[in-house]
Amino acid sequence: MAKLSKTAKVYLVLVFAILYAPIFYLIFYSFNSGGTMSSFEGFTWEHYGAVFNDTRLLIILMNTVIIALLSSLISTAIGVLGAIGIVFLRNRKTRKAVLSLNTILIVSPDVIIGASFLILFTLVGVKLGFASVLISHIAFSIPIVVIMVLPKLQEMSRSLIDAATDLGASKRDILTRVIIPYIKPGIFAGFFLALTYSLDDFAVTFFVTGNGFSTLSIEIYSMARAGITLTINALSALIFVVTLGLVLGYYFFNQRAGQSPGTGGAKL
Amino acid sequence: MKELVRVAIAIVVISTILLYTVNVLEKSSATSGGGTISVYNWGEYIDPELIRQFEEETNISVVYETFDSNESMMTKIEQGGTTYDVAMPSEYAIEKMKENKLLQPIDHALIPNLKNIDPYFLDLPFDPGNEYSIPYFWGTVGIAFNPTLLDGQTFESWNDLWDPSLEQEVILVDSAREVIGLGLNSLGYSLNSTDMDELRAATDKLKTMGPNVKAIIGDEIVEMMRREEAAVAVIWSGQAADVMWVNEDIDYVVPEEGSNLWFDNMIIPKTADNVEGAHAFINFMLDPEVAAQNADYVGYSTPNEQAIALMDPEVTEDKRFYPPEELRERLEVYENLGLEMLGTYNELFLEFKMDMEN
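From first to last, the protein sequence lines stand for chains A and B. The numbering of the first sequence is UniProt numbering, which starts it at 1 and goes up by one. The numbering of the second sequence is UniProt numbering, which starts it at 1 and goes up by one.
Among the hints, a few may not be true.
Straight-line C-alpha distance at most 25 Å; calculated SDA-like pairs for lysine to any residue [said to hold, decoys possible]:
{"hint": "1", "chain 1": "B", "residue 1": "270", "chain 2": "A", "residue 2": "124"}
{"hint": "2", "chain 1": "A", "residue 1": "127", "chain 2": "B", "residue 2": "330"}
{"hint": "3", "chain 1": "B", "residue 1": "270", "chain 2": "A", "residue 2": "161"}
{"hint": "4", "chain 1": "A", "residue 1": "127", "chain 2": "B", "residue 2": "212"}
{"hint": "5", "chain 1": "B", "residue 1": "2", "chain 2": "A", "residue 2": "161"}
Since the hints were made in silico from the structure, they are not lab data. Here the structure is a predicted model, which is why all the values come from computation and not from measurement.
Please model the entire structure based on the sequences and the hints provided.
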């Protein structure tokens with residue numbers, strides 16, 4: 001790769017400064033003993049203590065993580081099978097139609113999806129809470145996974161499958177030993193995108209939470225009326241540090257596992 | 001393939017551990033035996049310590065959830081799918097919920113602590129006889145101002161907002177009834193006026209305030225006042241208290257012509273599961289010591305007469321947040337004017353806003 005020119009470097013630094021400034025601003029004030037974001041008075045750990053003392057907040061945080069992990073796992077499983085199904089559809093028109101239906105789900109506003117789910121759940125009699133949130137998160141993640149996996153599948157040469165068949169592989173072998181290893185980067189990409197979508201989501205979750213079950217986005221939004229407390233800053237700082245640690249750990253692990261491009265999430 | 005399976009198993013294991021931890025945490029904070037009630041409240045609108053205390057005293061565990069607007073709360077209750085036992089809407093929302101038959105009558109026999117409430121806050125037009133609602137917190141609409149930015153200028157009357165020296169200094173809250181209401185009040189009319197001539201006069205008068213108005217916005221007002229980007233704002237007393245907490249220069253006044261008295265109240269939705277528990281909770285919140293502690297934490301004004309006696313006199317003698325009798329006489333609670341009249345208010349407010357742009 002050619003070396004970056006000086007201007008390009010400055011530009012890059014500037015872009016990242018803008019992207020990270022709000023986060024560091026927020027973390028900076030999480031140590032403020034003054035209690036507000038308007039002026040920094042002194043250093044304190046008090047807000048971090050408050051996070052660990054607030055059982056409700058901790059439960060909500062854990063709920064958010066559980067929902068994100070489970071929903072992206074399940075939606076990845078469903079989405080990968082769906083993508084494979086779409087690619088192997090024989091009729092060109094049907095394939096296009098199914099793909100468009102998938103895209104519509106990605107494009108349609110979250111608010112509408114959320115409202116539809118609320119109406120559906122109350123109609124069917126599903127109690128709002130863990131199950132309803134999980135189901136709707138799985139539902140809005142599936143199309144995303146499909147979109148992430150499809151390019152890999154399309155890029156795969158059909159002769160690979162033919163070769164496998166010629167060598168006597170069963171259908172199951174073809175799926176687990178040929179197709180899935182080949183599209184693995186796409187699967188990981190889909191999983192992580194679904195994970196961030198689920199962690200982020202406010203609009204859909206807003207409609208389907210209930211009976212004491214809540215996620216971070218909902219809780220922080222409700223707090224905004226009376227002014228967000230610095231506890232939230234502290235919590236966000238903790239989440240940022242944990243995420244950073246995970247990413248660093250991932251790279252460390254990947255490098256030690258040997259550079260094998262094309263496998264695992266090396267491309268992520 | 002193996003790697004994928006391993007990752008999947010790892011995720012399942014992590015989730016299971018987390019789920020287990022959540023369960024343990026929920027059990028340790030909940031007590032068994034007395035059943036459960038779910039409480040639906042505004043964000044940051046109760047001292048969490050009190051929920052724990054209620055659970056210990058009654059053995060009823062509390063599922064606590066928050067909402068951000070009356071409208072979203074009403075939608076959730078109307079749709080069902082979740083059973084809230086107690087909620088805290090504002091007075092106009094209570095009228096709407098009453099019309100839509102979303103409320104259960106409250107059994108006063110189960111709420112002996114009702115006697116602690118100042119009678120001034122009972123039997124109000126939005127709920128005669130307190131059949132469906134019990135007061136939780138209350139406040140006013142008034143003028144918050146920063147004298148250091150205004151060479152020491154102070155405010156007593158709504159008419160002070162028209163002062164020519166305030167060019168581009170005044171911020172109004174983006175809400176039809178509050179703004180048209182201040183126009184009506186400044187002319188000495190009732191906030192609940194349905195007389196077209198009075199409403200017209202109020203709107204025309206508001207239009208002459210145009211040059212002074214810097215912006216008509218929502219909750220951002222609090223942050224703008226804190227940062228001294230604005231000198232004067234018409235806001236609710238609760239928000240004013242928040243602002244003053246941070247910036248001590250700022251003062252708040254309820255204009256002498258009178259103003260709006262607003263309410264958040266405890267209600268029991270029709271869909272409630274544990275009606276008995278709901279009553280116990282409401283009664284608990286009306287206990288003088290509990291109410292005093294809660295008012296201390298939340299910072300809004302409590303309608304609980306006995307609680308006021310237990311609170312820091314510096315707070316309760318603050319006329320800005322606990323207006324004295326003679327001012328209270330001039331405060332009015334919004335009455336339900338019907339959909340058509342509300343439309344008229346909104347139209348006039350829009351007319352005022354459009355006029356500002358010229």
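- Item | Violated hints - listed by number, lowest first | 2, 3, 4
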